[in-house]
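Student: Use these hints to put chain B onto chain A, whose structure you have.
Residue strings, one per chain:
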Amino acid sequence: MARQISTLPFWRTRGGQDRLVTAAIFMVLLVGGAVVLLPFFWMLSTALKLPEQVYLSPPVWLPFPPQFVNFWTALTRVPFHLYAFNTTIIVTFVMIGTLLSCSFTAYGFARLNAPGKDFIFMLVLATLMLPGAVTLVPTYLMFNSLGWVNTFLPLIVPSFFGSAFNIFLLRQFYLTIPVELEDAARIDGASPYRIWWSIMLPLSMPVLATVAVFTFVATYNDFFTPLIYLADEDKYTIAVALSYFQGSPRIGPQMHLLMAAVTVSLLPPLILFLAAQRYFVRGIVRDQGVAARPLPIYSLS
Amino acid sequence: MQAHPPVGSAIVSDTLPAQRPIRRWTRESFHAYVFMLPAILGLLLFTLGPAIASLWLSFTEYNILTPPEWIGLANYAEMFQAQLFWQALRVSAIYSVVSVPLGLTLALGLAVLLNHKMRGMMVFRSIYYLPTVISGVGVAMLWRWLFNAEFGVINVLLDKVGINGPAWLLDQRWALPALIFTSLWGVGGTTLIFLAGLQGIPQELYEAAEIDGAGRWNQFRSVTLPLLSNVTFFNLVLGIIGALQVFTDAFVITRGGPNHATLFLSVYLYQHAFLYLNMGYAAAIAWFMFLLVMTLTLIVFKSSPFWVFYESERRGK
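The listed protein sequences correspond, in order, to chains A and B.
Quick note on our numbering: the first sequence kicks off at 17 and runs consecutively.
Quick note on our numbering: the second sequence kicks off at 3 and runs consecutively.
So here's chain A without its partners, still in its complex pose:
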């Protein structure tokens, strides 16, 4: 076959068109990416300003010299270490509870049979559609009558009872593991609990990591639950404490300090995102064949 020697101008050729399309896509994504990142740039820029540089028109884009001391001031003017500690406790226990209860339950749904199992599984999935608002008031009243309001328990305990999406995710994964792997252990007389703990858990590490990462982000970012359950300032999580910064006597309208605190508060999820990116983006889109859960950041529960 004769090689097609193109006499067409470059933009009419196939290769040329492809390159033009790629360049156009690149430009659009670049502009869009700048829009996505601009708020973060503005945040950092404000956080590094002197107080008198904050409210200026035209604005100071790159404050020089950058005031790194703002971070220290913002974090020491409020008991930030306490908020960080509270948040760590809550997030840690919620992650333990979620991973244990969801994988445990998911194994039962994937491998064991009992009358009514499918019905229960459907019910569990149906709760995905239930808006958090509907369960809010009675749940609050229940914790209130237990005397648990203003403790971490209402934030932690529910995670030990499984959550629909994670159970679903893990069950789907367990279904893809060959049963033969468990058979040998069964012949040796291992109980199903032993098999779950010693065989299924180690095999499901990648999925558990995905669940862990999403649970961390959702719990760390959760605002509503700590807002309604935690009353004392020394029990606040970072999210709740932050919401009171603006207009608080200690930080007040000092935008540079507020933005410094916001910057610090965004660091843990950012670091996790950078470190475990494949569990967020690559892992979800490519390897698992499972779509990402849109994080329930806006949900009322």
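Keep in mind that the hints were calculated from the coordinates and are not lab data.
Glycine included, each C-beta is placed from N, C-alpha and C at the ideal position.
Each hint should be verified, as a subset may be incorrect.
Using C-beta positions, here's what the derived DEER-type ranges look like [unchecked claim]: (1) Ala79/B x Leu98/A: 44 to 50 angstroms; (2) Leu53/A x Gln83/B: 43 to 49 angstroms; (3) Pro67/A x Ala151/B: 18 to 24 angstroms.
Chain A residues, not near chain B, derived (Cβ > 12 angstroms throughout) [as the list claims (entries may be wrong)]: (4) Pro82; (5) Ile105; (6) Gly113; (7) Ser175; (8) Gly178.
Tutor: For chain B alone, coordinates are given in the frame of chain A:
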């Protein structure tokens, strides 16, 4: 009410290996119930139980201090006469009707671009996904500053192109559009689901379409859109549920103001439950929200045969 199979199958491959006959444990169902126990208790204690309890509470007057008192439909009657309730419904409705379709369109467009084969695409994917990971109160506080009428970066930039920006959060007309804009910024999660869907479309279909002489736009219209419709469906349902539950942004950025311009149903509910301790009335609002979400979801489900395209249909016909 029951989770519809397409929601799951939209994203999770259904090609699970057939179950082989398993050697049974003795007392297998006992073990099965033990494994299911956390989920069963969770259902009773934290979802189904409270949902039913809140239905009952919605027919009572209850302020925590004195025992609940049965008042029949009075809460609902009061709600439908309350001006603020209608305002909250209006705000939530406008927000959903604008932000959900806009968000879906933007997410789909972005996903198509992000699916292009190009070096460095992972960086772009990460950037666009970033707002989904980094969110919550910190970002809400950040938006307050960005929308600052005089010194916020948005009006500074608008000023550069000769537009005199509105007062945004202080302006009754512009506060809600500002929140909608904020929601579009966080569209990365939806984009990622679309992206996963795009990667599931067999490449041969595009090649076949190209041989038939279809251009890029026709390929998008005749291959991408129909084959992605189940993912669109999934995102639409999640989008509606999410939009009707927006709380953090409305509460932190505008506190429902100015002049109730961003009083979402969720904020209205919060005020009654935790500021006025009107637990019965709050439960009534919650059940109204629930029925609203259910109705809308049902409409979407019922409409799905007209626009959602399933693999099995293609094979069947």
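Student: So, for every hint listed, does it hold in this structure?
Tutor: For each hint, the structure was consulted:
| no. | hint | verdict |
| --- | --- | --- |
| 1 | Ala79/B x Leu98/A: 44 to 50 angstroms | 46 angstroms, holds |
| 2 | Leu53/A x Gln83/B: 43 to 49 angstroms | 47 angstroms, holds |
| 3 | Pro67/A x Ala151/B: 18 to 24 angstroms | 20 angstroms, holds |
| 4 | Pro82 | 18 angstroms, holds |
| 5 | Ile105 | 18 angstroms, holds |
| 6 | Gly113 | 9 angstroms, violated |
| 7 | Ser175 | 9 angstroms, violated |
| 8 | Gly178 | 4 angstroms, violated |
Checked against the numbered hints given earlier, the structure breaks hints 6, 7, 8 and satisfies all the rest.
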